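Chemist: As you go down the protein sequences, you meet chains A and B in turn. Here the first sequence stands for residues 1 to 410, where the numbers follow my numbering. Here the second sequence stands for residues 1 to 149, where the numbers follow my numbering.
Because the hints were derived from the structure by calculation, they are not lab data. Computed from a predicted model, the values in this text were never measured in an experiment. Each hint should be verified, as a subset may be incorrect.
What the hints assert, rightly or not - Listed next, with one range per pair, are the computed distances between beta-carbon atoms:
1) A/D259 / B/I127: 35 to 45 Å
2) A/T373 / B/I110: 49 to 59 Å
3) A/R85 / B/S35: 54 to 64 Å
4) B/H37 / A/R85: 29 to 39 Å
5) A/T277 / B/H148: 50 to 60 Å
6) A/K6 / B/S35: 34 to 44 Å
7) A/E339 / B/E80: 41 to 51 Å
To be verified - Computed list of lysine to aspartate or glutamate pairs in DMTMM-like fashion (alpha-carbon distance at most 25 Å, straight line):
8) A/K404 / B/D30
9) A/K372 / B/D64
10) B/K135 / B/D3
Unchecked claim - Some chain A residues judged to face chain B by a derived CB distance under 7 Å, without partners named:
11) E141
12) Q344
13) S374
14) L402
Glycine included, every Cβ here is placed at the ideal spot set by N, Cα and C.
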Amino acid sequence: MLDVKKIRNDFPMFKNAEKTTPNLIYFDNAATTFKPQSVIDAVVRYYTSQSVNIHRGDYELSYQVSDEYEQTRKAVARFIRSEEREVVFTSGASASLNLVAYGYGQKFLKKGDVILSSEAEHASNILPWFKTAEVTGAVIEYIELTEEGELTIENFKKAMHEGVKVVAVAHITNVLGFIAPIKEMATIAHEYGAIISVDGAQSVPHIKTDVRDWDIDFLSFSAHKMVGPTGVGVLFGKYKLLEKMDPFMLGGGSNARFDICGNILLKNPPFKFEAGTPAIEAVLGLKAAILYLEEVGMDNIEEYEHDLRNYMVEKLQQLPNIHLYNPHAATGIVTFNVERIFAQDAAMYLNSQGIAVRSGTHCAKILIDVLKTSETIRSSVYFYNTKEEVDRFIQVCSEITLEKCVDLYL
Amino acid sequence: MSDMLKDPMILRQIIMDHYEYPRHHHLSGDEGYGSIHMASDSCIDDITVQAKIENGIVTDVNFDGVACTISTASTSIMTELIIGKTIDEAKKIIDEYNLMIEMKQFDEDILQEAVAFHQVGKQANRIKCATIGWKAILQLVEESEEKHE
Numbered sequence: 001m002l003d004v005k006k007i008r009n010d011f012p013m014f015k016n017a018e019k020t021t022p023n024l025i026y027f028d029n030a031a032t033t034f035k036p037q038s039v040i041d042a043v044v045r046y047y048t049s050q051s052v053n054i055h056r057g058d059y060e061l062s063y064q065v066s067d068e069y070e071q072t073r074k075a076v077a078r079f080i081r082s083e084e085r086e087v088v089f090t091s092g093a094s095a096s097l098n099l100v101a102y103g104y105g106q107k108f109l110k111k112g113d114v115i116l117s118s119e120a121e122h123a124s125n126i127l128p129w130f131k132t133a134e135v136t137g138a139v140i141e142y143i144e145l146t147e148e149g150e151l152t153i154e155n156f157k158k159a160m161h162e163g164v165k166v167v168a169v170a171h172i173t174n175v176l177g178f179i180a181p182i183k184e185m186a187t188i189a190h191e192y193g194a195i196i197s198v199d200g201a202q203s204v205p206h207i208k209t210d211v212r213d214w215d216i217d218f219l220s221f222s223a224h225k226m227v228g229p230t231g232v233g234v235l236f237g238k239y240k241l242l243e244k245m246d247p248f249m250l251g252g253g254s255n256a257r258f259d260i261c262g263n264i265l266l267k268n269p270p271f272k273f274e275a276g277t278p279a280i281e282a283v284l285g286l287k288a289a290i291l292y293l294e295e296v297g298m299d300n301i302e303e304y305e306h307d308l309r310n311y312m313v314e315k316l317q318q319l320p321n322i323h324l325y326n327p328h329a330a331t332g333i334v335t336f337n338v339e340r341i342f343a344q345d346a347a348m349y350l351n352s353q354g355i356a357v358r359s360g361t362h363c364a365k366i367l368i369d370v371l372k373t374s375e376t377i378r379s380s381v382y383f384y385n386t387k388e389e390v391d392r393f394i395q396v397c398s399e400i401t402l403e404k405c406v407d408l409y410l
Numbered sequence: 001m002s003d004m005l006k007d008p009m010i011l012r013q014i015i016m017d018h019y020e021y022p023r024h025h026h027l028s029g030d031e032g033y034g035s036i037h038m039a040s041d042s043c044i045d046d047i048t049v050q051a052k053i054e055n056g057i058v059t060d061v062n063f064d065g066v067a068c069t070i071s072t073a074s075t076s077i078m079t080e081l082i083i084g085k086t087i088d089e090a091k092k093i094i095d096e097y098n099l100m101i102e103m104k105q106f107d108e109d110i111l112q113e114a115v116a117f118h119q120v121g122k123q124a125n126r127i128k129c130a131t132i133g134w135k136a137i138l139q140l141v142e143e144s145e146e147k148h149e
């Protein structure tokens, strides 16, 4: 069981937000998360005591920071059950997903090859494939979703065929929060000779990750959605695939040597993908974030969020003015609308009561066809949210009227 | 300040009425209409406004699309105010509306029901919503002027 009170004390935002937004309830964790003091300290420590570059200097401080930087790679590998050399640091999940589409997709896909995805994908997981399709002549096909927007193994099997070369799906979708059966999907994809690239931005922070057990080929995620700093993310790739694919950009740190004739010898993965000076402080902060999550325990986090979500859903279902879109999803994302009120207006009313949620299409603009609505409100909890917060959220939801939304502007 | 401006109940009623029953909320297939698609990149608002302008008079204005309460109501009110006006009259109304949104002195008589938005300017993040339809009509009016110059 989590000691949420103790956990909240680790996050200075809860105390500091009181000054600007009294009684803030932060339910926009699918967008980004608060940071514990240990992560903040790691970031600040780099600037105050370790402010040199990595993998370059012939001096003690640089060795030390380089070593710490690589310690993060080790921590990530442990956290997702991969090898260290399969962990590429990027600027975030979007960069990781683009790296797969450009570095692998554009190199290996041919005219007529099929990229299989779903209509619930985040822009960052589908737009790079749109571009790859345009450049290579490959085509995108979609796995049919259930009425509630869930990706089932049956529908995946129906959509799979010999022409599919890449399966690109989110492990947990950012709008509806369903967990895709990616272990089974990976097995089937491989039977057809396809690779599977998984967007883990909404899953890695919330449930235990095991790329080896799942046997997936690529996994992309961001540090800032898992109590880590912004500006850094990870691409996990099976080493053989990382070896074959191209880097997205070239530059210092990614090459072993080059000459004036234009011959370039790239370093081995993961370093060939890490040209230029990275966000060193963010990488160091990511290690602190992983240590923090490991300390709390990913199983505990998953169980706690699941319970908190069920509690919220149960209460929301009792409100006659609320239309819930994903009552049966398993994770912390709850998507709904208030009857008769435009999502953004309802979200602004929640804001006026100190509750931070997200309204809109949530960067998954093609999902509209599945949900039959152009916009929704998304509430997303994390392990530092509480039942008391849910109670107040429910209370405010029960009181929303169009009159009150309009009154905000009078 | 008039009594109406001081009575939030009336202003609320105006906004709700135009949101729930927007006027001229359809698009015409008639070729005589100029048309502008307005999509905000910072929020969901995504509307199309069309106007028929003949001999210097705005004879019809329609709009359709997905938009929040403030966008829908402000655009609906705009259609009622602009239809039947000359280009010069229309531009005068648009100017007054913009002055009001900028929280400056404005003419209540000219703006009629549009005064319901006289406080929106206080909230920077909703100014776009309150002006999206108005920007569209201004553009349509100016385009029609250029054609006849």
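Chemist: Confirm or reject each hint.
Modeler: The hints, checked one at a time:
Under the hint 35 to 45 Å, the C-beta atoms of A/D259 and B/I127, about 57 Å apart, miss the expected range. Range check, A/T373 to B/I110: Cβ separation about 38 Å, and the 49 to 59 Å hint is violated. At roughly 57 Å, the beta-carbon separation of A/R85 and B/S35 lies within the given 54 to 64 Å, and the hint holds. As the Cβ distance of B/H37 to A/R85 is approximately 50 Å, the hint placing it in 29 to 39 Å is violated.
Between A/T277 and B/H148, the C-beta spacing of about 59 Å keeps the proposed range 50 to 60 Å intact. Look at A/K6 against B/S35: about 59 Å separates their beta carbons, and that is not inside 34 to 44 Å. For A/E339 and B/E80, the Cβ-Cβ distance of about 27 Å falls outside the hinted range of 41 to 51 Å, so the restraint is violated. Simply put, A/K404 and B/D30 have alpha-carbon atoms about 39 Å apart, too far for the 25 Å limit, and the pair is violated.
Straight-line distance between C-alpha atoms of A/K372 and B/D64 comes to about 18 Å, which keeps the hinted pair within the 25 Å bound. Using a Cα cut-off of 25 Å, the hinted pair B/K135 and B/D3 is violated, with the two alpha carbons roughly 29 Å apart. Hint status for A/E141 relative to chain B: violated, with the closest Cβ pair at about 27 Å, above 7 Å. Hint status for A/Q344: holds, given a least beta-carbon distance of 5 Å to chain B, under 7 Å.
Taking 7 Å as the C-beta contact cut-off toward chain B, the hint placing A/S374 at the interface holds, the least distance being around 5 Å. The beta carbon of A/L402 comes within 6 Å of a beta carbon in chain B, closer than 7 Å, and the hint placing it at the interface holds.
Hints 1, 2, 4, 6, 7, 8, 10 and 11 from the list above are not met by this structure, while the remaining hints are.
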